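**Student:** One letter stands for each residue in the lines below.
Protein chains: 2
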Amino acid sequence: MMLIESLLSIDKNSQVPVYLQITNGIISYIRQGILKPGSALPASRGLAASLNVHRKTVVAAYDELYAQSWVDVIARKGIYVANNLPDVTARPIDKTVQKHRLAGKTSFRVDDDRVNHRSVFKEMPEGNITFTEGFPDTRIAPVDLMVREYRRMAGYRFTHKYLMYGSEQGSENLRNELARFLGETRGLHVAADDILITKGVQMALYLCAQVLINKNDIVIVADPGYIGANEVFEQAGAKLALVPVDEHGIDIDAVETICAAKKVRMLYVVPHHHQPTTVTLSSERRMRLLELARKYQFAIIEDDYDFDFHYTCGPILPLISADYNGNVIYVGSFCKTIAPGIRIGFMVAPQNFLQQAIRLRRHIDRQGEHLLEEAMASLLKNGDIGRHLKKANKLYHERRDTLCSLLNRQMGHLIEFKIPDGGFAIWVKYLNGVDSALVSEKANELGLSIGAGTDYYYDRAFKHSFVRIGFASLNEKEMTEAVEIWKRAIIRAL
Amino acid sequence: MMLIESLLSIDKNSQVPVYLQITNGIISYIRQGILKPGSALPASRGLAASLNVHRKTVVAAYDELYAQSWVDVIARKGIYVANNLPDVTARPIDKTVQKHRLAGKTSFRVDDDRVNHRSVFKEMPEGNITFTEGFPDTRIAPVDLMVREYRRMAGYRFTHKYLMYGSEQGSENLRNELARFLGETRGLHVAADDILITKGVQMALYLCAQVLINKNDIVIVADPGYIGANEVFEQAGAKLALVPVDEHGIDIDAVETICAAKKVRMLYVVPHHHQPTTVTLSSERRMRLLELARKYQFAIIEDDYDFDFHYTCGPILPLISADYNGNVIYVGSFCKTIAPGIRIGFMVAPQNFLQQAIRLRRHIDRQGEHLLEEAMASLLKNGDIGRHLKKANKLYHERRDTLCSLLNRQMGHLIEFKIPDGGFAIWVKYLNGVDSALVSEKANELGLSIGAGTDYYYDRAFKHSFVRIGFASLNEKEMTEAVEIWKRAIIRAL
Numbered sequence: 001m002m003l004i005e006s007l008l009s010i011d012k013n014s015q016v017p018v019y020l021q022i023t024n025g026i027i028s029y030i031r032q033g034i035l036k037p038g039s040a041l042p043a044s045r046g047l048a049a050s051l052n053v054h055r056k057t058v059v060a061a062y063d064e065l066y067a068q069s070w071v072d073v074i075a076r077k078g079i080y081v082a083n084n085l086p087d088v089t090a091r092p093i094d095k096t097v098q099k100h101r102l103a104g105k106t107s108f109r110v111d112d113d114r115v116n117h118r119s120v121f122k123e124m125p126e127g128n129i130t131f132t133e134g135f136p137d138t139r140i141a142p143v144d145l146m147v148r149e150y151r152r153m154a155g156y157r158f159t160h161k162y163l164m165y166g167s168e169q170g171s172e173n174l175r176n177e178l179a180r181f182l183g184e185t186r187g188l189h190v191a192a193d194d195i196l197i198t199k200g201v202q203m204a205l206y207l208c209a210q211v212l213i214n215k216n217d218i219v220i221v222a223d224p225g226y227i228g229a230n231e232v233f234e235q236a237g238a239k240l241a242l243v244p245v246d247e248h249g250i251d252i253d254a255v256e257t258i259c260a261a262k263k264v265r266m267l268y269v270v271p272h273h274h275q276p277t278t279v280t281l282s283s284e285r286r287m288r289l290l291e292l293a294r295k296y297q298f299a300i301i302e303d304d305y306d307f308d309f310h311y312t313c314g315p316i317l318p319l320i321s322a323d324y325n326g327n328v329i330y331v332g333s334f335c336k337t338i339a340p341g342i343r344i345g346f347m348v349a350p351q352n353f354l355q356q357a358i359r360l361r362r363h364i365d366r367q368g369e370h371l372l373e374e375a376m377a378s379l380l381k382n383g384d385i386g387r388h389l390k391k392a393n394k395l396y397h398e399r400r401d402t403l404c405s406l407l408n409r410q411m412g413h414l415i416e417f418k419i420p421d422g423g424f425a426i427w428v429k430y431l432n433g434v435d436s437a438l439v440s441e442k443a444n445e446l447g448l449s450i451g452a453g454t455d456y457y458y459d460r461a462f463k464h465s466f467v468r469i470g471f472a473s474l475n476e477k478e479m480t481e482a483v484e485i486w487k488r489a490i491i492r493a494l
Numbered sequence: 495m496m497l498i499e500s501l502l503s504i505d506k507n508s509q510v511p512v513y514l515q516i517t518n519g520i521i522s523y524i525r526q527g528i529l530k531p532g533s534a535l536p537a538s539r540g541l542a543a544s545l546n547v548h549r550k551t552v553v554a555a556y557d558e559l560y561a562q563s564w565v566d567v568i569a570r571k572g573i574y575v576a577n578n579l580p581d582v583t584a585r586p587i588d589k590t591v592q593k594h595r596l597a598g599k600t601s602f603r604v605d606d607d608r609v610n611h612r613s614v615f616k617e618m619p620e621g622n623i624t625f626t627e628g629f630p631d632t633r634i635a636p637v638d639l640m641v642r643e644y645r646r647m648a649g650y651r652f653t654h655k656y657l658m659y660g661s662e663q664g665s666e667n668l669r670n671e672l673a674r675f676l677g678e679t680r681g682l683h684v685a686a687d688d689i690l691i692t693k694g695v696q697m698a699l700y701l702c703a704q705v706l707i708n709k710n711d712i713v714i715v716a717d718p719g720y721i722g723a724n725e726v727f728e729q730a731g732a733k734l735a736l737v738p739v740d741e742h743g744i745d746i747d748a749v750e751t752i753c754a755a756k757k758v759r760m761l762y763v764v765p766h767h768h769q770p771t772t773v774t775l776s777s778e779r780r781m782r783l784l785e786l787a788r789k790y791q792f793a794i795i796e797d798d799y800d801f802d803f804h805y806t807c808g809p810i811l812p813l814i815s816a817d818y819n820g821n822v823i824y825v826g827s828f829c830k831t832i833a834p835g836i837r838i839g840f841m842v843a844p845q846n847f848l849q850q851a852i853r854l855r856r857h858i859d860r861q862g863e864h865l866l867e868e869a870m871a872s873l874l875k876n877g878d879i880g881r882h883l884k885k886a887n888k889l890y891h892e893r894r895d896t897l898c899s900l901l902n903r904q905m906g907h908l909i910e911f912k913i914p915d916g917g918f919a920i921w922v923k924y925l926n927g928v929d930s931a932l933v934s935e936k937a938n939e940l941g942l943s944i945g946a947g948t949d950y951y952y953d954r955a956f957k958h959s960f961v962r963i964g965f966a967s968l969n970e971k972e973m974t975e976a977v978e979i980w981k982r983a984i985i986r987a988l
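Going down the list, the sequences are from chains A and B.
The letter at position 254 of the first sequence is residue 254 when you use the working numbering, and the numbering goes up by one with no holes.
Just add 494 to the spot in the second sequence (first one is 1) and you have the working numbering.
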């Protein structure tokens with residue numbers, strides 16, 4: 001037998017712990033057949049001495065090998081390479097079959113337009129500065145707080161409960177904390193039972209669409225509006241009825257005209273800061289909208305994804321806070337509070353609807369990430385979310401002001417905009433009829449990613465002069481540089 | 495002004511850092527109106543002395559107050575309670591509206607049977623010992639390794655990228671590592687592009703159903719079988735065609751008879767360890783099934799959720815490893831490898847199908863948990879998953895043997911079973927025609943939760959004598975106690 005000591009090489013500077021280096025080294029020699037089943041391994045004391053490591057390190061390596069079934073321990077004799085090695089090799093179905101290659105196409109029928117897809121994820125070009133359409137700055141995301149919660153939970157004995165299957169409605173702790181949070185921030189008096197935890201607003205919208213919409217049902221949406229919602233409604237079979245938007249929000253007269261002519265099933269609205277134009281739905285229109293919903297018995301899907309971000313004056317409370325008839329389904333999210341990649345949203349709705357949504361959620365993915373939901377509950381409970389929101393509001397308020405004054409100073413003759421009350425973006429109109437798509441193209445050549453405006457209007461071919469500009473994710477230096485490039489791009493597009 | 499020093503009380507033994515205690519104390523007095531806007535706060539040196547804390551602690555508290563906008567700093571003068579306090583109070587829509595109460599029922603129509611729901615989450619009674627239907631032991635879940643990965647990522651500058659929106663197909667790193675893992679363990683030669691990351695097997699099944707099934711399409715499933723899949727297919731509009739199962743898996747003659755009579759759209763199968771009977775589909779039947787799928791052009795959904803758990807002999811490779819025509823959609827999961835509450839599954843399929851599934855996934859929840867996916871990629875890459883699987887296999891192998899010999903010794907006259915090759919459960923037949931539901935009821939009275947067998951057969955009213963008993967989640971002491979109670983329950987049910 002070769003001396004195993006001479007085969008093993010240890011790197012004490014490696015990130016891999018020394019005991020694992022020894023473990024993996026021995027496994028590798030067993031796999032290669034250099035160490036045969038039944039052959040003895042050296043005593044830990046001797047091996048430790050020749051490798052110049054502590055004896056406990058070798059013992060830990062042998063424990064690991066035993067736990068993984070690579071070695072047998074024979075009392076008072078020693079440690080031997082196991083006779084039944086744990087690498088159970090899979091058996092092919094049939095020895096005559098060729099080597100596996102995945103077919104490029106199914107042999108059964110797949111309809112290529114089964115699922116609609118106007119919007120798809122686009123990777124941002126590396127190196128470009130980016131005006132997002134209104135995202136938070138993930139550089140200030142409180143990831144360290146989330147990790148702190150995970151660490152804390154990893155040390156608790158009760159955590160193994162959170163690792164089992166749980167309620168499809170979401171963590172009860174989180175729903176309790178959320179009920180309190182919604183009460184304090186939005187004046188909603190709801191209980192944990194009235195809430196379903198979702199993966200972001202997206203899943204809440206999907207559930208609404210699938211539970212409520214039958215083929216050819218009328219759904220009222222704003223134009224310009226949020227394409228991500230439109231797609232989900234159309235996928236469920238809806239016919240969209242478009243209503244315009246002005247500086248006070250969606251046009252309620254237009255809503256009333258549609259209601260008088262056809263049976264309306266649902267209306268989708270972002271009353272706090274309309275997506276994409278950032279306008280706030282006025283109090284007067286809110287009361288009229290609720291009255292229409294009551295009269296014509298349609299559902300209002302209230303998407304309030306950025307209620308927690310307001311700078312100048314207090315936000316108007318959500319529609320649901322004045323709904324006594326059960327017309328409003330309220331959906332919101334922490335994806336903007338923590339980060340878009342942390343997928344936690346919620347839905348508040350009357351029980352008969354909520355129960356159907358909960359059942360469907362079970363079909364879709366059974367339940368959410370329980371550990372993440374517990375971490376979030378804890379962050380809400382101990383006030384971390386509140387503190388983070390205060391800091392983020394302050395920072396984004398400053399950034400909004402910085403960008404607005406940059407734009408006024410440098411580009412007043414090229415664009416027009418109103419300062420938004422809150423949120424993450426400014427709705428900008430190019431003067432002189434400049435085409436948004438052309439500016440985007442020119443900007444891209446110069447190293448700036450900026451919206452082409454193709455997703456604001458239902459008719460994608462409609463040429464227009466608007467663009468939504470996120471201010472929250474850039475610092476002053478980045479903004480200054482971005483505005484510089486943007487200005488040059490507009491001039492090229494004139 | 496009252497002396498703020500006398501208002502603040504510091505608890506140095508609290509879990510809350512001292513600087514936050516000071517911060518929160520001051521905020522609380524501002525909120526109560528005790529500290530008025532514009533009033534000066536004491537210099538940090540003086541306050542530190544009177545509170546008997548380090549001056550840096552007070553500075554940190556003041557920084558926090560400033561970051562949250564509670565104070566203004568006036569250069570060379572001092573720190574003052576801010577004149578514009580950050581608590582922006584929300585405005586009600588209309589002052590005349592009553593206090594909010596969520597309606598118990600919608601005023602719009604909701605169909606109470608819109609979503610089917612044979613199975614729902616049931617909370618286990620506290621204090622009972624539980625024979626699960628076959629779950630891993632979450633007490634050995636490698637949560638510490640996941641937390642280690644989160645901690646590592648929290649410290650990286652590039653992590654903020656993972657916090658933004660990403661690909662709806664799932665993390666590219668994870669798909670690359672998974673392609674390698676599937677190659678090493680299952681002989682599949684697939685690329686990252688052939689894989690969609692899902693939330694467990696559940697979402698993969700949901701996507702298959704929604705992309706492929708039209709109303710009244712025939713879907714073949716086994717009976718007894720997996721109710722979670724049946725529900726998803728029926729929700730999509732399928733008509734189920736049931737085929738029986740024997741000791742070699744699903745009855746292929748029965749499948750052929752159905753194919754000859756009707757157009758079949760899809761067949762769902764768990765070939766590795768059939769759910770619930772744990773039998774393995776034989777090689778000969780596998781080849782026949784693939785041939786039928788080719789001939790009659792239907793899709794095979796191959797659910798291989800526990801391929802990684804086998805004890806006695808090597809598993810037969812998956813059906814997809816011998817599929818050259820594009821008939822098989824392969825779905826799997828890490829929910830059994832890590833823990834059911836950690837929701838990571840995957841789907842491998844030909845491109846034309848996969849693209850539709852990816853689009854639908856975007857509608858449903860936009861994307862998965864990017865950080866979790868990156869953590870998983872890292873655990874696969876550095877071999878932690880492989881090591882954990884080896885240890886878990888060894889432990890579950892021992893537990894299977896322990897339970898089987900306990901059952902043989904104590905209950906040989908009451909039950910009958912075959913030792914399963916792998917997985918998490920034993921399929922047990924009660925002798926003398928004892929009814930499973932009755933045993934479950936009696937066991938519950940005695941402090942043991944055990945399956946009532948109501949979810950194995952499509953016809954729920956069908957009385958039978960089978961039960962699925964999980965061995966993986968109990969240690970020897972727990973098993974001994976559980977078997978003791980179980981035996982008494984069976985005798986009561988005789």
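If you're looking for bench data, these hints aren't it; they were derived computationally from the structure.
Watch out, some of these pointers could steer you wrong.
Claimed, not checked - If you want the ones that stay clear, here's a sample from chain A, every Cβ over 12 Å from chain B, calculated:
no., residue
1, I27
2, A75
3, A154
4, H160
5, E231
6, L240
7, D253
8, K262
9, L290
10, G368
11, V434
12, N444
13, S473
Claimed, not checked - Residues from chain A shown here face chain B by an in silico Cβ test under 8 Å; the list is partial:
no., residue
14, Y29
15, G200
16, L431
To be verified - Here are the simulated DSBU-like pairs of lysine-lysine, each with C-alpha atoms no more than 30 Å apart in a straight line:
no., chain 1, residue 1, chain 2, residue 2
17, B, K733, A, K161
18, A, K215, B, K884
19, B, K550, A, K12
20, B, K888, A, K477
21, A, K56, B, K599
22, B, K756, A, K215
Because the structure is a prediction, the values reported are computed rather than measured.
Built from N, CA and C at the ideal position, the CB exists for glycine as well.
**Student:** Determine for every hint whether it applies to the structure shown.
**Tutor:** Hints, verified against the model:
1. In this structure A:I27 is not separated from chain B by more than 12 Å, as the shortest Cβ-Cβ distance comes to only about 9 Å.
2. At roughly 18 Å from the closest C-beta of chain B, the C-beta of A:A75 stays outside 12 Å, upholding its exclusion from the interface.
3. Consistency note on A:A154: stated as away from chain B, yet its beta-carbon is not over 12 Å from all of that chain's, at 5 Å minimum.
4. Annotated as non-interface, A:H160 brings its C-beta within 12 Å of a C-beta of chain B; the closest such distance is 4 Å.
5. At the 12 Å boundary, the C-beta of A:E231 falls inside the reach of chain B, the nearest C-beta of that chain being 6 Å off.
6. Against the 12 Å criterion, A:L240 stays outside the reach of chain B, whose nearest CB is about 15 Å from its own CB.
7. Distance check on A:D253: its Cβ is at least 19 Å (rounded) from any Cβ of chain B, clearing the 12 Å threshold; non-interface status holds.
8. For A:K262, the shortest C-beta to C-beta distance to chain B comes to about 15 Å, beyond the 12 Å cut-off, and the non-interface label holds.
9. Not every CB of chain B is more than 12 Å from the CB of A:L290 (nearest about 8 Å), against its label as outside the interface.
10. Separation of A:G368 from chain B is inadequate, the least Cβ-Cβ distance of about 8 Å not exceeding the 12 Å criterion.
11. At roughly 28 Å, the least C-beta separation between A:V434 and chain B is larger than 12 Å, which holds for a residue marked as non-interface.
12. Remark: the non-interface label on A:N444 is consistent with the geometry, its nearest Cβ contact in chain B lying 19 Å away (cut-off 12 Å).
13. Distance check on A:S473: its Cβ comes as close as 9 Å (rounded) to a Cβ of chain B, failing to clear the 12 Å threshold; non-interface status is violated.
14. A least Cβ separation of about 16 Å between A:Y29 and chain B goes past the 8 Å threshold, and the interface hint is therefore violated.
15. The closest approach between the C-beta of A:G200 and any C-beta of chain B is roughly 6 Å, which is under the 8 Å cut-off, so the hint is satisfied.
16. Interface hint at A:L431: violated, since its Cβ lies 31 Å from the closest Cβ of chain B, which is beyond the 8 Å cut-off.
17. Restraint check for B:K733 and A:K161: the C-alpha separation of about 37 Å exceeds 30 Å, so the hint is violated.
18. A distance of roughly 51 Å separates the Cα atoms of A:K215 and B:K884; the hinted pair therefore is violated under the 30 Å criterion.
19. Simply put, B:K550 and A:K12 have alpha-carbon atoms about 38 Å apart, too far for the 30 Å limit, and the pair is violated.
20. Between the alpha carbons of B:K888 and A:K477 the distance comes to roughly 57 Å, so the proposed pair goes past 30 Å and is violated.
21. In summary, the hint linking A:K56 to B:K599 is not supported, as the alpha carbons are separated by about 65 Å, beyond the 30 Å threshold.
22. For the proposed pair B:K756 and A:K215, the alpha carbon gap of about 27 Å is at most 30 Å, so the pair holds.
Going down the numbered hints, you'll see the structure goes against 1, 3, 4, 5, 9, 10, 13, 14, 16, 17, 18, 19, 20, 21, while the others check out.
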